[in-house]
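Asks: We have chain A already, so just place chains B, C and D on it with the hints.
Protein chains: 4
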Amino acid sequence: MSHEKHQQLIQVLHECMAACNHCFDACLQEENVKMMAECIRLDRECADICNFLEQALARNTPFAAALASVCATVCEACGNECQKHDHDHCQECAKACFACAEACRKFAA
Amino acid sequence: MSHEKHQQLIQVLHECMAACNHCFDACLQEENVKMMAECIRLDRECADICNFLEQALARNTPFAAALASVCATVCEACGNECQKHDHDHCQECAKACFACAEACRKFAA
Amino acid sequence: MSHEKHQQLIQVLHECMAACNHCFDACLQEENVKMMAECIRLDRECADICNFLEQALARNTPFAAALASVCATVCEACGNECQKHDHDHCQECAKACFACAEACRKFAA
Amino acid sequence: MSHEKHQQLIQVLHECMAACNHCFDACLQEENVKMMAECIRLDRECADICNFLEQALARNTPFAAALASVCATVCEACGNECQKHDHDHCQECAKACFACAEACRKFAA
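Chain order of the listed sequences is A, B, C and D. Take the first sequence: its letters are residues 0 to 108, numbered as in numbering that gives the first Met the number 0. Take the second sequence: its letters are residues 0 to 108, numbered as in numbering that gives the first Met the number 0. Take the third sequence: its letters are residues 0 to 108, numbered as in numbering that gives the first Met the number 0. Take the fourth sequence: its letters are residues 0 to 108, numbered as in numbering that gives the first Met the number 0.
A hint or two may mislead.
Copies of one chain are not kept apart here, so a pair can be met inside one copy or by any two copies together.
As the list claims (entries may be wrong) - Lysine to any residue pairs mimicking SDA-like chemistry, simulated, CA-CA at most 20 Å apart:
no., residue 1, residue 2
1, K105, Q90
2, K83, Q10
3, K105, D85
4, K33, K105
5, K105, D24
6, K33, A63
7, K33, E14
8, K94, A76
9, K4, S68
10, K4, K105
11, K83, P61
12, K4, E91
13, K105, H84
14, K33, F97
15, K33, A65
16, K94, E37
17, K105, D87
18, K4, E14
19, K105, E30
20, K105, P61
21, K4, Q28
22, K94, E14
23, K33, N59
24, K4, D87
25, K4, D24
26, K4, N31
To be clear, the hints were calculated from the coordinates, so they are not data collected in a lab.
Chain A on its own, in the form it takes in the complex (with noise of 0.2 Å):
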C-alpha cells in the first residue's frame, strides 16, 4: 500500500516540517530578528513543500520521485542556512533538513 511504501519517508518529510516551523516560529521571537530573516524565509519554503510531498505521497502520486528532487533542493539549502545560527531551534532544523535532504535524495535516484 502507498501510504505503507512510503512510509519512512513520510515520517522524515514529517520531521522536518515540525522542525522547520518551529524554527520559524522561533526566529520570529528572537531578539535579533533581522539576523534570522533568510532562516524565516527558507524555514517557510522548507516546511511547506515537506508538508506538500507528505500529502502527495500518501495519496500515492505518481510524481513522488521529481517532487522528492525538488523537496532536496529546498532541504539542503535550508539546512545550510539555518546551520550558520547557533540557536538551539536552528541547529536542530539544520539537522532535520540534512536528513530530509538525503532520504529524498535515495528517494529520487
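Replies: Using the frame of chain A, we list chains B, C and D on its own:
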C-alpha cells in the same frame, strides 16, 4: 515549545491525513468507483484540512482553536461517509477520522 | 457551476493571498525586521488560509461557510497588524485583508 | 516586485488550478465515474501543485524554476488524460493544463 505542546494532536492529524489519502487512492482503484464518489470527495477535504492544521500547529498558529473546530466538522463528515463502506481502507479511515474529530473538539473547547 | 458561483470570492481571496505574500517577502527585507515580526507571522497565516480556501471553493467544498468564517477571523487579525505599519506593502496588505474579511463574512452568513 | 514580476504566470496557474478543481468536482458527479478515475486523480495532483506554486511565486520563492519545472510535468500529464474525455469540463481543463505547462516550461528555462 509549540511543537511539543501540540505534539499529540499533530500526530493524530497526521494519522488521519495518511488514512484519508490512502482511502482516496484505494477508492479510485475500486471496481465500483461511482459508489465511492462521496468518499473520494470527503477524503480529499479531510486530508487537506488535517494537513493544513498539522502545519499550522507546528508553527504555533494563533488560530489553533478556530481551525481545530472546523477540522472536527470535516473529520466527522468524512468518518460518517467512510463507515458506510465495507472496504478495509474505508473502515480504517472512519476510525482515524472519528479519533481525529474527537481530539480536535477537545482541543478547541 | 461551483467555480462560477464562487468566482468573486475566489478572486478576492487570491488578491489577499498575493498581498500577504508580497508583504511577507518585503517585511523580511526591511531594515527593522524585529518590528515586523508579528506582521510576518500573520502574513503567512493569512496567505495560507486564503490559498487553502481559494482551492476549496474551486472544488465545491461542502464546508465553504465554516472555512470562510475562520478565514474572516484570520484576515481581520492580519489587517489589524498590517495597518499599524507605514510601509506601502503593509498598507496595501491591510486593505486587501479587510476587503477579504468582509467578503468572507458575507459569504459565511 | 516579486508578485508583479511573476504576475502573468501566477494568473495562468490560478486558472489551471480552478479548471482542475472544477473538473475534479464535475467528474465525481458523472454517470460513469470509473472511467474518470485517472482524471480525478490527476486533477487533484495538478490543482495542488498549481495552488502551491501560485503562493510560492507570490512570496518570491528562491526555488521558482525548479518548482515550475515539476509543475509543467504535472500539468502535461493532467492535460493528456483530460483531453481523452469528451465532457466540456475535461476539454476545458486540458486546455488550461497545456497552457500552464507551456508557461511553466518557458519560465523554468
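Asks: I want to check one pair: K94 and E14. Are their C-alpha atoms no more than 20 Å apart within a copy, between two copies, both, or neither?
Replies: For K94 and E14, only the intra-copy Cα distance (10 Å) is at most 20 Å; the inter-copy one is 24 Å.
Asks: At most 20 Å between C-alpha atoms: does K4 with E91 qualify within a copy, between copies, both, or neither?
Replies: between (27 Å within a copy, 17 Å between copies)
Asks: 20 Å Cα cut-off: does K33 pair with K105 within a copy, between copies, both or neither?
Replies: Neither: 35 Å inside a copy, 35 Å across copies.
Asks: Under a CA distance limit of 20 Å, which applies to K33 and E14: within one copy, between copies, both, or neither?
Replies: neither (26 Å within a copy, 28 Å between copies)
Asks: Pop the pair K4 and E14 into one bin, within, between, both or neither, using alpha-carbon distances up to 20 Å.
Replies: both (18 Å within a copy, 15 Å between copies)
Asks: At 20 Å max between alpha carbons, let me know whether K94 reaches E37 within a copy, between copies, both or neither.
Replies: So K94 and E37 pass the 20 Å test inside one copy only (17 Å; across, 27 Å).
Asks: Within a copy, between copies, both or neither: which one fits K105 and D85 at a CA-CA cutoff of 20 Å?
Replies: neither (29 Å within a copy, 37 Å between copies)
Asks: Within a copy, between copies, both or neither: where do K94 and A76 come within 20 Å Cα-Cα?
Replies: Close inside one copy (12 Å), not across copies (34 Å); limit 20 Å.
Asks: Using 20 Å as the alpha-carbon threshold, which applies to K105 and D87: within, between, both, or neither?
Replies: neither (27 Å within a copy, 31 Å between copies)
Asks: Up to 20 Å between alpha-carbons, please classify K33 paired with A63: within, between, both or neither.
Replies: Neither, since 36 Å and 24 Å both go past 20 Å.
Asks: Evaluate K105 and H84 at a C-alpha cut-off of 20 Å and name the case that applies: within, between, both or neither.
Replies: Answer is neither; intra-copy 27 Å and inter-copy 37 Å both fail.
Asks: Using 20 Å as the alpha-carbon threshold, which applies to K105 and E30: within, between, both, or neither?
Replies: neither (38 Å within a copy, 35 Å between copies)
The structure fails to meet hints 1, 2, 3, 4, 5, 6, 7, 13, 14, 15, 17, 19, 26 from the earlier list, while all remaining hints are met.
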